[in-house]
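Trainee: Put chain X on the given structure of chain V with help from the hints.
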Amino acid sequence: MATQPVDTTPSLDNIGLMGRFFRGAKWYGTEWAITVSGAIILVLIILMTILAPHLAPHDPVKPVGSPFTPPGKGRQILIVRADEKTIQKPTDLAGRLVGVRANTSGQFSALELGAEVTKFYEIEQVFQALADGQVDALLVEQALGPEFLPTYGERLKQIGEPFGMTFALGTDNLGRDILSRIIFGARAVLLVAVMSASFSALVGVPLGLMSGFVGRTFDRVLSLIMDSVYSFPGLILAIAMAAVLQLSMREALKNAAAAIGAGLSSDQIAVLTGTLTTTVAIAVVYMPTFFRMVRGQVLAIKEQLYVEAARSLGARATTILFRYIFPNVIASIVVIFSVNIADAIITEAGLSFIGLGLPPPTPDWGYDISKGQQFLASGQWWMVTFPGLMIVLVAMGFSMFGEGLSEILNPRLTES
Amino acid sequence: MNEPILQIHDLSIDYPTRVGLVRAVDGVDLTVYRGEVLGLVGESGCGKSTLGAAILRLLRPPGKIIAGEILFNERNLLALSEDGMRRLRGARISMVFQDPMTCLNPLQRISDHVVETIRTHHGEVSKQEARQQAAALIDRLGIRAERMDDYPHQLSGGMRQRVMIGLALALRADLIIADEPTTSLDVIVEAQFLDLLRDLQRQFNLTIILITHNIGVVAELADRVAVMYAGKLVELAEIEPLFDEPLHPYTQGLLKSVPNINLTEDHLRIMDGSPPDLIHPPSGCRFHPRCPHVMERCRVEMPPFREAGLARWAACWLYE
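Chains as they are written, first to last, in the working numbering: chain V, 1 to 416; chain X, 1 to 320.
Isolated chain V, as found in the complex (with noise of 0.2 Å):
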């Protein structure tokens, strides 16, 4: 054979396939621009769980501020009435106190932030309880001071200068940072997402390969099973298989807990329950869609001309399913994936708001947006917005990677 000269320029057919992912711009344009996008949200998503200690302001389950702080405030103001003596800088107060409520004598009390009961909801009867003699101080948002202190006249001051730290998402109604929920929230979110959309296409791809390259009764009864619970209501079926699993999955990890001798709270032991419990249900959800997908794809690609002329040259079963069907699969799978971890996030936030998914203080995107929706209608519409632009932002660079490199991972797509 006569040996022609190499060509080494290099081309897409030559540089690899990380030299497309890096240096594919020129040849994938927009689809490179995607996915890199796509790749560098994941990233930044994926550190940010890492990071979450040091990346979070606050502790994500104590309250530290006012509740309902909107974003970019938080700075407080101590006010107590003209003649008080005793408390004259915020640290008297030892301890954080804002609000009011009734104490079991009767009287009044500051009210210790995370308490269960709350005497006053509107922000004048806290200052009129304060008139009133029925608290000794107030911590308040700085802006309310102007606000509400003229009203009041003599009676009430403010001591000292604003101080505390501002909160660049605001709080939620209880107080607690926003931004460290959602640091720390990526943490259950991708880890109840992306697990459940594994387990799912861990089961459901070999399944439906199997299922459309074997057939006749064992693809018939497998078809079956699947598209019955495909016909399920999604979120019911999750929360039917989330009830019936988490107090037998608490059970089971227990004792596992208990056989390998490590001694778990009973918090994390909730913790695990939930998200083992949503991973599970979600993921049993979720794989009808891959069984589904994958099944039809092989039924198509198994009558295609090149596989039968693989069989006509010899190849094995195996060599036809894993080197002539699955990778013309694969480019599927990968968009289902990422579709489907974007739907299981918010399966996931179903499940947490009816309290079968992670135990409420821990911080979940899902749970957050459910809880802060009822306090949209009120104008505290931080808390809704900023998981839920994470579970957008999430979604979207799982879809932006997973489109984008099923394009590039297809050859024939190339803009040759």
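Each hint should be verified, as a subset may be incorrect.
Negatives, chain X to chain V, calculated, CB over 10 Å [unchecked claim]:
no., residue
1, Gly68
2, Asn73
3, Leu80
4, Leu107
5, Glu116
6, Ala168
7, Arg198
8, Leu200
9, Arg202
10, Phe204
11, Leu255
12, Lys256
13, Arg269
14, Ser283
15, Arg312
16, Leu318
Calculated lysine to any residue pairs in the SDA-like style (CA-CA distance at most 20 Å, straight line) [as the list claims (entries may be wrong)]:
no., chain 1, residue 1, chain 2, residue 2
17, V, Lys62, V, Ala168
18, X, Lys64, X, His9
19, V, Lys302, V, Lys371
20, V, Lys302, X, Pro62
21, X, Lys127, X, Met101
22, V, Lys302, X, Pro106
23, X, Lys127, V, Arg323
24, V, Lys62, V, Phe163
25, V, Lys302, X, Gln98
26, V, Lys73, V, Ala56
27, V, Lys302, X, His9
28, V, Lys302, X, Leu58
29, V, Lys302, V, Ile330
30, X, Lys64, V, Gly215
31, V, Lys302, X, Met101
32, V, Lys302, X, Gln108
33, V, Lys62, V, Lys371
34, X, Lys127, V, Thr319
Think of the hints as simulated: they come from the structure by calculation, not from any bench. C-beta atoms are modelled at their ideal positions from N, C-alpha and C, and glycine is treated no differently.
Mentor: For chain X alone, kept in the frame of chain V given last:
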């Protein structure tokens, strides 16, 4: 030319369908000799492709071989295990398909196709060696070396068809079944491809079963021609006697209906009628409803496929 490589005895193939049983191949007897090119011609749906697929035991379901035997080098292929059959495919018997556009895995490079075919049958060959063999083969097919790492979509139809024949030859198969190999190629590429096929055939003393409805291709390449009609073999002869003096009325009609630059419009015949419904085939000779020489006997009795001259066979009562 006298050593039989493939012997088909009384082969019948059924396709059970909802509306009834279709006997696509009905009691076919055929012998193929080493080193010859046998043209298998007939109209669409006459069972020629089914016959080709049956030799490799690659009938599409629900097609089923219900009777007969296929002897390849005196081994009965129908008695072989599925794995034994698989080992034979590609190594000893290969197939070239009609549509080269869809015959290659779109996600595999040309070189990968060849390497995989070689390594499927010879696992001991290293990837580098297989790649060298692939390069040599691709060079022989007249494809430039730098194209061997292209994907199928980057090649032209003619090149892809050459790759297909290359895959069929990768392991020096003894018998190649070419099912309408030129149907989707334009005439110039077709001519080039036929040239290549003829060269390779001579070079390797290949045996080729050329399945086609294109009489021109058969005339170009075949040594002998078998004519099929409605699942039955109706005539078998060497190429020249067949073209000079076709015996069976169907063959006569077939040859007359081939357009030819020397013919005026008046001379180009169209055969009357249409191919029979195979679920309810006509009684007696299947061709009798369209036959210009039909006799009373043809309506009742099926004519046997018998010797009707020197080295030629026909199934017609005219040659009793």
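Trainee: Run every hint past the structure and note whether it holds.
Mentor: Hint by hint, here is what the structure shows:
With a minimum CB-CB distance of about 21 Å to chain V, X:Gly68 clears the 10 Å threshold, and the non-interface call stands. In this structure X:Asn73 is separated from chain V by more than 10 Å, as the shortest Cβ-Cβ distance comes to about 16 Å. With a least CB separation of 13 Å from chain V, X:Leu80 remains clear of the 10 Å interface cut-off, as annotated. With a cut of 10 Å on Cβ distances, X:Leu107 falls inside the contact zone with chain V, its closest approach being about 5 Å.
Not every CB of chain V is more than 10 Å from the CB of X:Glu116 (nearest about 7 Å), against its label as outside the interface. At roughly 7 Å, the least C-beta separation between X:Ala168 and chain V is not larger than 10 Å, which violates its mark as non-interface. Here X:Arg198 stays apart from chain V, with its beta-carbon at least about 22 Å from theirs, past the 10 Å limit. With a minimum CB-CB distance of about 16 Å to chain V, X:Leu200 clears the 10 Å threshold, and the non-interface call stands.
Here X:Arg202 stays apart from chain V, with its beta-carbon at least about 21 Å from theirs, past the 10 Å limit. The beta carbon of X:Phe204 is kept farther than 10 Å from every beta carbon of chain V, the shortest such distance being approximately 17 Å. The non-interface label for X:Leu255 is consistent with chain V: the shortest C-beta to C-beta separation is roughly 31 Å, beyond 10 Å. For X:Lys256, the condition that its CB be more than 10 Å from all CB atoms of chain V holds, with the nearest at approximately 33 Å.
A cut-off of 10 Å between C-beta atoms confirms that X:Arg269 is not in contact with chain V; the least separation is 34 Å. With a minimum CB-CB distance of about 36 Å to chain V, X:Ser283 clears the 10 Å threshold, and the non-interface call stands. For X:Arg312, the condition that its CB be more than 10 Å from all CB atoms of chain V holds, with the nearest at approximately 31 Å. With a cut of 10 Å on Cβ distances, X:Leu318 stays outside the contact zone with chain V, its closest approach being about 39 Å.
Our distance criterion of 20 Å between C-alpha atoms is met by V:Lys62 and V:Ala168, whose separation comes to about 17 Å. Among the hinted pairs, X:Lys64 with X:His9 is consistent with the structure: their alpha-carbon atoms are about 16 Å apart, no more than 20 Å. Taking the CA atoms of V:Lys302 and V:Lys371, the gap is near 49 Å; set against the 20 Å cutoff, the hint is violated. This hinted pair checks out: V:Lys302 and X:Pro62 have alpha carbons roughly 15 Å apart, not beyond 20 Å.
A C-alpha spacing of about 26 Å is found between X:Lys127 and X:Met101, which places the hinted pair above 20 Å, so the restraint is violated. Only pairs whose Cα atoms come within 20 Å are accepted, and V:Lys302 paired with X:Pro106 is accepted, the gap being roughly 14 Å. For the given pair, X:Lys127 sits about 16 Å from V:Arg323 by alpha-carbon distance, which is consistent with the 20 Å threshold. Restraint check for V:Lys62 and V:Phe163: the C-alpha separation of about 19 Å stays at or below 20 Å, so the hint holds.
About 17 Å separates the Cα atoms of V:Lys302 and X:Gln98, which keeps this hinted pair within 20 Å; it holds. Proposed proximity of V:Lys73 and V:Ala56 is supported: the alpha carbons are some 17 Å apart, at most 20 Å. For the proposed pair V:Lys302 and X:His9, the alpha carbon gap of about 31 Å is over 20 Å, so the pair is violated. The straight-line distance between the Cα atoms of V:Lys302 and X:Leu58 is roughly 13 Å, inside the 20 Å bound, and the hint therefore holds.
Straight-line distance between C-alpha atoms of V:Lys302 and V:Ile330 comes to about 15 Å, which keeps the hinted pair within the 20 Å bound. Between X:Lys64 and V:Gly215 the CA atoms are separated by roughly 17 Å; this keeps the pair inside 20 Å, and the hint holds. Only pairs whose Cα atoms come within 20 Å are accepted, and V:Lys302 paired with X:Met101 is accepted, the gap being roughly 16 Å. For the given pair, V:Lys302 sits about 16 Å from X:Gln108 by alpha-carbon distance, which is consistent with the 20 Å threshold.
For a cut-off of 20 Å, the pair hint linking V:Lys62 to V:Lys371 stands: about 16 Å separates their Cα positions. Annotation: proposed proximity of X:Lys127 to V:Thr319 holds, straight-line Cα distance about 16 Å (limit 20 Å).
In this structure, the earlier hints numbered 4, 5, 6, 19, 21, 27 are contradicted, and the remaining ones agree with it.
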